[in-house]
Structure formats: structure tokens, C-alpha cells
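K.L.:
Following the hints, complete the assembly by docking chain B onto the known chain A.
Chain order of the listed sequences is A and B. The opening position of the first sequence corresponds to residue 1 in the working numbering, with each subsequent residue numbered one higher. The opening position of the second sequence corresponds to residue 1 in the working numbering, with each subsequent residue numbered one higher.
Read the hints as simulated data drawn from the structure, not as lab findings. Warning: the hint list may mix true and false statements.
To be verified - Think about it this way: if two alpha-carbon atoms lie no more than 30 Å apart in a straight line, the pair counts; the simulated DSSO-like pairs of lysine-lysine are:
| hint | chain 1 | residue 1 | chain 2 | residue 2 |
| --- | --- | --- | --- | --- |
| 1 | B | Lys205 | B | Lys76 |
| 2 | A | Lys228 | B | Lys93 |
| 3 | B | Lys134 | A | Lys232 |
| 4 | B | Lys88 | A | Lys232 |
| 5 | A | Lys232 | B | Lys205 |
| 6 | B | Lys243 | B | Lys300 |
| 7 | A | Lys232 | B | Lys300 |
Stated by the list, open to error - Here are the computed distance ranges between Cβ atoms for each label pair:
| hint | chain 1 | residue 1 | chain 2 | residue 2 | range |
| --- | --- | --- | --- | --- | --- |
| 8 | A | Leu204 | B | Ser284 | 24 to 34 Å |
| 9 | A | Ile136 | B | Pro107 | 52 to 62 Å |
| 10 | A | Pro174 | B | Asp137 | 23 to 33 Å |
| 11 | B | Pro107 | A | Lys94 | 40 to 50 Å |
Small disclaimer: the values here were computed from a predicted structure and weren't measured. Cβ atoms here follow ideal geometry from the backbone N, Cα and C, with glycine treated the same way.
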Amino acid sequence: MNIYSYVLRRLLYTIPVLLGVCLIIFVLFNLVAPDPAFILLGKHATQIQIDQLHHELGLDRSFIVQYFDIVKSSFTFDFGYSWATKQNIYEMIKNGAGPSLSITGPLFIISNIVAISLALLVAFYRGKLIDKVMLIVSIGGMSIPSLAVVLFGQYYFGYKLGWFEISGYERGFPGFVPYVILPVILYTFISFGADTRFYRTVILDEVYQDYVRTARSKGLNEMVIMFKHVLKNSMIPILTNIIIQIPTLILGLLFAESFFSIPGLGSMTINAINNSDFPVIKAMTILSALGFMLFGIITDVAYTMVDPRMRLK
Amino acid sequence: MTEKILEVKDLVVEFRTDRGAVKAVNGVNFDVFKGKTLGIVGESGSGKSVTALAIMGLIPNPPGRVASGQILFNGKSLVNMEPGEMRKIRGNKIAMIFQEPMTSLNPVFTIGNQIEEVIELHQTHLSASERAAKAVDMLRLVGIPSPEKRVKEYPHQLSGGMRQRVMIAIALSCEPDILIADEPTTALDVTIQAQILELMKKLQKELGMGIILITHDLGVVAETCDTVSVMYCGQIVESADVKTLFNHPAHPYTKGLMDSIPSFDSTSGHRKERLQTIEGMVPSLFNLPKGCNFQDRCSKVTDDCRGSQGDPVLKPSKGVDHNVACFNPLN
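This is chain A alone, in the form it adopts within the complex (with noise of 0.2 Å):
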């Protein structure tokens, strides 16, 4: 079986699994939300308004009919208009993504390297004072609540210091730069440790192996060992760990968003369910599942990449 066979057959996988998911928004939504009259109309709206507005929305539909307009939009991405901005929602979401990438992507490059390298400093120096320093610090940040850390950034280095813009956002390259440039660092601080720790484990299972013990015996030094044997035997796990990580990416951060007024997905995410517009966290959700099938299948096919025992014969 080779690589493209194996591809479209994990597709084929996530057919089932898309129309689960599905059903459960549909449930969730059509079933056990309350009636969206209550919320565009309000307490005192007529019968006949009801009726009118369920025509609308095409709730007086059959459930089938309803639960097969979800599935359709999950594959043409026509997600309808938003109830609280009457926008279209799929210009809402291109228009979302770029902010959100600008933040998610250096962050995910960023904090990705400083964890990684971090990891392989402190598996080098097992045991040593840098391991131990670094043991305190990666716990304290993992047990610093992210609010407390946003919030002291943006007095400190945002309004004290006056080195970083605090929140805003402004479109295009490079306009939007300083603006990225203080968030990016924060949430670095704040997932260094957990990603650290991990990484740090994973290495350890691999430094006491005996390929190691070879590749010292052939007289290479210590670096070499650790970013050539070392590091791509423990790419599996980090690898899955990154991965899982790009969906979220491009879904934005949820909170961070909202605390940098970043208009980004997060926010908008945010808003939706504020504002209990439907329309707009139903298509999140689909897009969410879709991003998280699809970042599986590149896990698995990357794992081919770096592991050459679990290359398809």
C-alpha cells in the first residue's frame, strides 16, 4: 500500500466521524438550546412572529433536512449569515483568520524552538544546577494562572516600561508587528514549561539507549549525539504534540484574543457565544472537528517520515 492509498482511505475514515460529529451539533443546537425565537425576538413576541422567524431560519424543516443542511456546509463551508452582525460568515472567517495567524503563527514557531531547545539543554545537563533551575522555573510557570501573566505583562512591560503596545491591532504587514510582539512573548512564558517538561521526558527515555552508547563509542561528541540520534528518535512523540497544536492556531486563541482586543477567530468565537449567535460557534465547531481529523492524518503521515519502521510496506 503506498502513502497516497493510505491517505485517501484515512479520508475515507473521517467521513463517519464528521457525520458524529454533526449529529452532536445538531442535537446540541436544534434540540437542547433554547428556541432562537427567545433570543432574536425576546419575551413578547407574537405567535405569528415565531412562526415566522422558524420559517426563516428553516426550522420548521424535518429534522433530517435540518441535521443534512450541517452536513453540506461542512463540505462547501457555507455557513450562512451571523444572527448578531448579519455578516456573511465565511467572509467573517477570512477576515478573522489573518489577525489570528499573525499572533498563532510566530507563537507556534517561537515557543515550539525555546521548548525543544530548552528541553535538549536540560536533558544534556540531567541532574546538574541548570536542570534544577530549570525544574523551578517550568513549574513556576505552569502554576502562574495565564491570566495573572497577561495581566502583569501589559502593566509592566506594556504600561510601565512602555516597550510593547498593550492591545489593538492593526491590518497588514508590518502594521500589525508591534502589536503581536507582547502577546507572542507571554504565551510563550506561558507554555514553555508544560511543553519543557514533556519534552524533556521524552528525550530522557531515549538518552539512556543503547544506539547512544554506539554513537559515543564511534568517538562523535556530545552535540551531534543530541540533535542527530537523540532528537529524531524522540520526534515521534514531539511531533504529535506539536501537531495537535495547528488546529488551534488557526481557530485563534480563544482568550488571548479577547485580553489584546486582537480580531481575530478567538474573539469572534468569543463574541458568538456572548451573543448566542448560533450561526457563527456552529461553524467554529464544524471547522474545529474538520481542522483536528485533518492535522491527524498529517501526524500519521509525518510519523512515516521520521520513523522508518512505521513506513508502509
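P.N.:
Just chain B, lined up with the frame of chain A:
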């Protein structure tokens, strides 16, 4: 007399533990000659592998360290050598193969890549294509069929015996003066074992290197070694050339090891007798007895062995170059 290439003198290797320092190797002496094979025999934990790692400069430090003694390679001291200097010798002049062929190769790099790596490191004058050609040559040398195809394969596509051949190819690709083989055949089938030993002997003849063969298998020793040192509790208790040792073992421990080899009476086709074992257990390194370390398991034990005469030292028994550390040697 052949050329002496490695000299180990009074080597002591210590490991720091929670219960105090432990001497895993305690005053070991031996020489390795060009083109000759030295066997080091002993039970698990007798200090064989630690001795080998000490020569390679690969004792994990901490907790371990060479506490005293000398390791002279062509007259140059390897103990406390500057790490960069040592790396030039390791894999180049002194190479090592290990007991675990299944796990000693890196699973995510091709065989060819792993052979070329060591060539690139130590033979800097070779170009990339020359290195690739040499990797193929090395695989052919160690008897791997269709080497041009195999260089592109990964370790998991090879059997244990083939992997050990690859390890040997890596070890020999820089034509070392000394090959240390730490139980190279223990993890392999008996038929493969014979093939690997044959291969090592053949390559030794071609390349003229000295071999240190570490094993607990006296059969392997009889087949391949020129001289033998028997280790017990971090010390050499007997050393001799291989014929003398097998015909006239002088230390009761050596005798015990030989009696524990299963044997067949070839005329009647029956097992000769119940298999002999050495009674008792190896004493803990934390709690070595006064006098001879073997006293509690020895049938010839006398008061001399219990510390009244001090510790037994390695001294000539009858015969040339036959040394034994025993107060009551056999024969």
C-alpha cells in the same frame, strides 16, 4: 615477540553510590598485543564490561571514575585524556562492539548512514562518494550479501546476526588497532555465533588488530583467544595462554567454571554426570570478605585464605606466563 599496543596497569574503577564508593574494577593488569586476542572471562558483575568502558573512556561520570592506575595505548595514557583528544581515538584507533546487536544501531538512520558517519568523523580526507563506496566495501567485508542494496536499509530490516555484522563493519571501518568485543555473540543463535567469531578471526588476520574479547562463555574463549584473564569481583584471579589455562587451570574458580560446561561422552552418547556448579553466590561488592574473595565458595579454602596472609596477589604459577592469585593453587 609481537608489538604491545595496550597496557592496563593497576586499573581501579570506582562508582559512588548511596552506600559509599564501590570498586567495580580493583587493580587489574593486562596487555594487548597486535594481532592477538585477549579473552576476559567472568560472571556477570565481575567487572569485565566496566574494564572495557574504562579503556574507551566511557565510564559514566558521575557516578563512576577511574580512581587510579594507568591505561597506556601505544605508550600514551588514556586516563584523564582531554575529551576532544579521546574522541579522536575512540571509534578510530580503539573501537567497540556490544552485546545487544538488536538495539545498538540507531533505528531511524540507514545502515549506510551509520557506517559513513564514523568514516566522515575520522577519515576527513575522503569525499562523500568515497565514503559511500567504503560503506559498501565494509558491508561486503563483513559478509553481508548484496551490500549495495543493504546500505539503504534500516536496522529493523536486518536479523540480529546481520546487525552484529553491521556493528563490526562500523567498528572496523577506520581500521582500529584494538577492537573491544563485549559479549558480541551472547544475544545470537549458536550457529550465528560461530559465524561471527569466525568473521572476527578472519578480519583480525587481514587487519592485524588486537582484540579484547569479553565473554562468560569458555567455549568462545577456547575457540578464539590467545591469552585469557579470568576476573572475579573486579580482580584478575588467573591469567595464562589459552592452552595452559584449559589444560592446567590453577585457580579453583577457573576450574569451577570449566566444570560447569555441559559435556557429552562421545563414545557412549550419554551425559557424563550431573552438571557441576559453583556453590554459593558472588559476594556483594559492598561487603567483600577479608582475604580471598572466593573463600566462601572454594573447596580448597584454608585459614590462609581468610585474611591471615592478607589478600592473594597475582603471581607466577608454574609454567611461563601463567599467573594465579591463590594461596592453594591446583596442580
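K.L.:
Compare the structure with each hint and give your call.
P.N.:
Hint check:
1. Lys205(B) <-> Lys76(B): Holds - the C-alpha atoms of Lys76(B) and Lys205(B) are around 25 Å apart, at most 30 Å.
2. Lys228(A) <-> Lys93(B): Judged against 30 Å, a Cα distance of about 23 Å means the pair holds.
3. Lys134(B) <-> Lys232(A): Distance of about 25 Å is within 30 Å: holds.
4. Lys88(B) <-> Lys232(A): Answer holds: Lys88(B) to Lys232(A) is near 25 Å, not above 30 Å.
5. Lys232(A) <-> Lys205(B): Violated, at about 38 Å.
6. Lys243(B) <-> Lys300(B): It holds: about 24 Å lies between the C-alpha atoms, which stays within 30 Å.
7. Lys232(A) <-> Lys300(B): Roughly 56 Å between the alpha carbons, so the hint for Lys232(A) and Lys300(B) is violated.
8. Leu204(A) <-> Ser284(B): 24 to 34 Å: holds (29 Å)
9. Ile136(A) <-> Pro107(B): 52 to 62 Å: At 35 Å between Cβs, range violated.
10. Pro174(A) <-> Asp137(B): 23 to 33 Å: violated (56 Å)
11. Pro107(B) <-> Lys94(A): 40 to 50 Å: Given about 44 Å between the Cβ atoms, the range holds.
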